[in-house]
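S.K.: Since chain A is already given, all that's left is putting chain B on it; use the hints.
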Amino acid sequence: MSDITIRDVRKSYAGTEVVHGVNLDIRHGEFIVMLGPSGCGKSTLLRMIAGLEEITSGEVQIGDRVVNRLEPRERNCAMVFQNYALYPHMTVANNIGYALKVAGMKKAERLEKVAAVAQTVGLGEFLDRKPGQLSGGQRQRVAMARAIIREPGVFLFDEPLSNLDAKLRVQMRHEIRRIHNRIGATSVFVTHDQVEGMTLADRLVIMNRGTIEQVGTPQEVYDRPASTYVAGFIGSPAMNFLPATLAEGPVLWLATGERVDLRGVMEMPRGLAPRAMLQLGLRPERLRIGPVGSGAMDVRFEFAEELGSGRLYHLRHEDVPVTVVSETKQTLREGEPVGLTLLPGAVHLFYGETGRRIETTLRSSVNERVSA
Amino acid sequence: MIERTPVLNIATHAILAAGLIALALPIYLVFVASTQTLAEVTAIPSRLLPSDQFFVNVKAAWITADFGTKFVNSMILAVGVVTGKVVLSAITAFGIVFFDHRMRMPVFWLVFITLMLPLEVRIVPTYAVAANALSPFQAMLDWSGLTWLIEKATSIRVSMEWNLLNSYTGLILPLVATATGTFLYRQFFLTVPDELVEAAKMDGAGPLRFLREVLIPLSVTNIAALATIMFVYSWNQYLWPLLITTDPNYGVVAVELGRLVPDSSSTGGGIPNWHIAMAGTLIVMVPPIIVVIFMQRWFVRGLISADK
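Sequences listed follow chains A and B, in order. Quick note on UniProt numbering: the first sequence kicks off at 1 and runs consecutively. Quick note on UniProt numbering: the second sequence kicks off at 1 and runs consecutively.
By construction, these hints were calculated from the structure, which means they are not laboratory data. The C-beta atom is built at its ideal place from N, Cα and C for all residues, glycine as well. Hints should not be assumed to be uniformly reliable.
Claimed, not checked - The following residues of chain A were derived to be distant from chain B, with all beta-carbon distances above 12 angstroms: (1) Glu53; (2) Glu71; (3) His89; (4) Met90; (5) Leu164; (6) Met172.
As the list claims (entries may be wrong) - Simulated restraints on C-beta separations: (7) Leu110/B with Pro37/A: 53 to 59 angstroms; (8) His28/A with Pro217/B: 34 to 40 angstroms; (9) Arg65/A with Glu120/B: 33 to 39 angstroms; (10) Arg356/A with Met103/B: 33 to 39 angstroms; (11) Val107/B with Gln61/A: 51 to 57 angstroms.
Same shape as in the complex, but just chain A (with noise of 0.2 angstroms):
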């Protein structure tokens, strides 16, 4: 079994900590999706499970065994690399069988076991080929493979796909999805694409700044995001945030002075001190427009992005930016004003100083509109 657990997992370059006590439980055979924005710590936490990088203190658990002392090779896992680090000298063949070498295995059954892994990625004619001679998507393929050979308890990705083009990138996406189901062994995979991160993940572990702000499923980190920062980095187009106060129960004020009233749509918790700054975040694809005065707040339409199956509409309250995405097609002017309808699931609170999130209970979606 291949359950990784980490614990209190902290690492410092000459005095600065860059990763703060991390603590995740992965299960035996889950796809874990590490994501998070560049320098948030996150291929840093992939490399020590890998035994690339020392842990500075805290424990990395593989299986049974604590693994923090011990050599990567000794580790049973297997990486695929961004670059994917292929010997340039070795032949496509060499570069799979290479651990196996390394392992002392006999020549022909080392053979044997390449052309059949070599099978599965699609790569059985290119064996002879150096990887110079390889296209993008190829080379990915070779890695791939090399991980594969050596049948690891884990699998670690370290943004294998962030070299390839858009269309190879979603092919090549479902093939590790595909393998991993197949072999059924631990995967963590690093990346900063949110639809990477949404479409593979069993769970999401959402990094920011050294620590984890969210583990959950896919649905769970884009239904009730933990903070504004998660809010803010799934769901795309992004979360738009409005500062609000707490006026009383789910009745808010808004910067402006006007008016929200959410008491059809949600129940507060108790215990929030009146007058508490509050984030208001709004879904775009949980917001409708219509006839001014007909939702929870009115806007102001600036212009509108063709999307095909639908638009992507900017418009503007006061000065901040809010976006909608909607199926249906209206042809405004710029500056008119609208009406802000608010979906099921489009609000979001979030305390103003924190960016916690507020746990709020839903009900069903009435817009009721109560001018101040």
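M.R.: Structure of chain B alone, referenced to chain A:
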């Protein structure tokens, strides 16, 4: 910025031609002299056209200088030095580039400093060491008082000696250490992506295996470049062999060529055998030229390291 105008083209070609003449003219003169008889070569004004004595002179030079033995010696010296340099500098650069340890920069600078201390500068101490390679250890024993202690305890006087004069080891070893080679490797090793190193680690290859199976195969062009430069360098060694070998059986071509060249001490005011000396020069030039021509393709690629 490359401009192409007829005037510039002519000017650049004129400069190129001037350079070519400056390089080729001395070689041509050597060749002309080697084809002439003694009378012709000493004639004033000098004749600038080749004569017909080339093979006679070459044969004379070969016999006079005993190049048969010297060629073998020089070849042993050159191959030994080249092999030593290629291996030693690869290992040094490997240690400097791929291992993060406290001595990394000190070692790097130590190697760097040797650039400022070529053999010509440290020739006296080097000779002293070659005369007895164990003398540094003897000195350490003497200074630390261990010699005295052992003598008191056992009444045996420790006296170590390992003479390298008149031996191939003595010819080769002092020339092996090289900063140039270490730098050449270092520059190449620094371009090897970290991910490749890490991939090898994940594949379970230890450091020496990585050196042998990944780094060395990747640096063949570098090795070729280094080997070429160093072959010519060691083939042309003069001062060190002159100093350390007194036995003619260990003489090398450059020293022997020096003896062919007539000056007042070797001819004693006798016959100025310039035609023989020039023929000898041509003979001695042949092996480096062959090596350079043969290695040229690799050599250029290794120095510009475009091919990865």
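S.K.: For every hint, state whether the structure bears it out.
M.R.: Against the structure, the hints come out as follows:
A beta-carbon of chain B is positioned within 12 angstroms of the beta-carbon of Glu53/A; the least distance is around 10 angstroms. A beta-carbon of chain B comes within 12 angstroms of the beta-carbon of Glu71/A; the shortest separation is about 8 angstroms. With 12 angstroms as the threshold on Cβ separation, the claim that His89/A sits away from chain B is violated: the shortest Cβ distance comes to roughly 4 angstroms. Non-interface status of Met90/A relative to chain B is broken: a Cβ of that chain comes within 12 angstroms, the nearest being about 8 angstroms off.
Here Leu164/A stays apart from chain B, with its beta-carbon at least about 16 angstroms from theirs, past the 12 angstroms limit. Residue-level check passed: Met172/A sits 18 angstroms from the nearest beta carbon of chain B, beyond 12 angstroms. Restraint check, Leu110/B to Pro37/A: a C-beta distance of roughly 43 angstroms breaks the suggested window 53 to 59 angstroms. One distance hint, 34 to 40 angstroms for the beta-carbon pair His28/A and Pro217/B, holds here, with the actual separation near 38 angstroms.
A hinted range of 33 to 39 angstroms for the beta carbons of Arg65/A and Glu120/B is inconsistent with their spacing of about 59 angstroms. A hinted range of 33 to 39 angstroms for the beta carbons of Arg356/A and Met103/B is inconsistent with their spacing of about 49 angstroms. For the hinted restraint 51 to 57 angstroms between Val107/B and Gln61/A, the CB-CB distance of approximately 38 angstroms leaves it violated.
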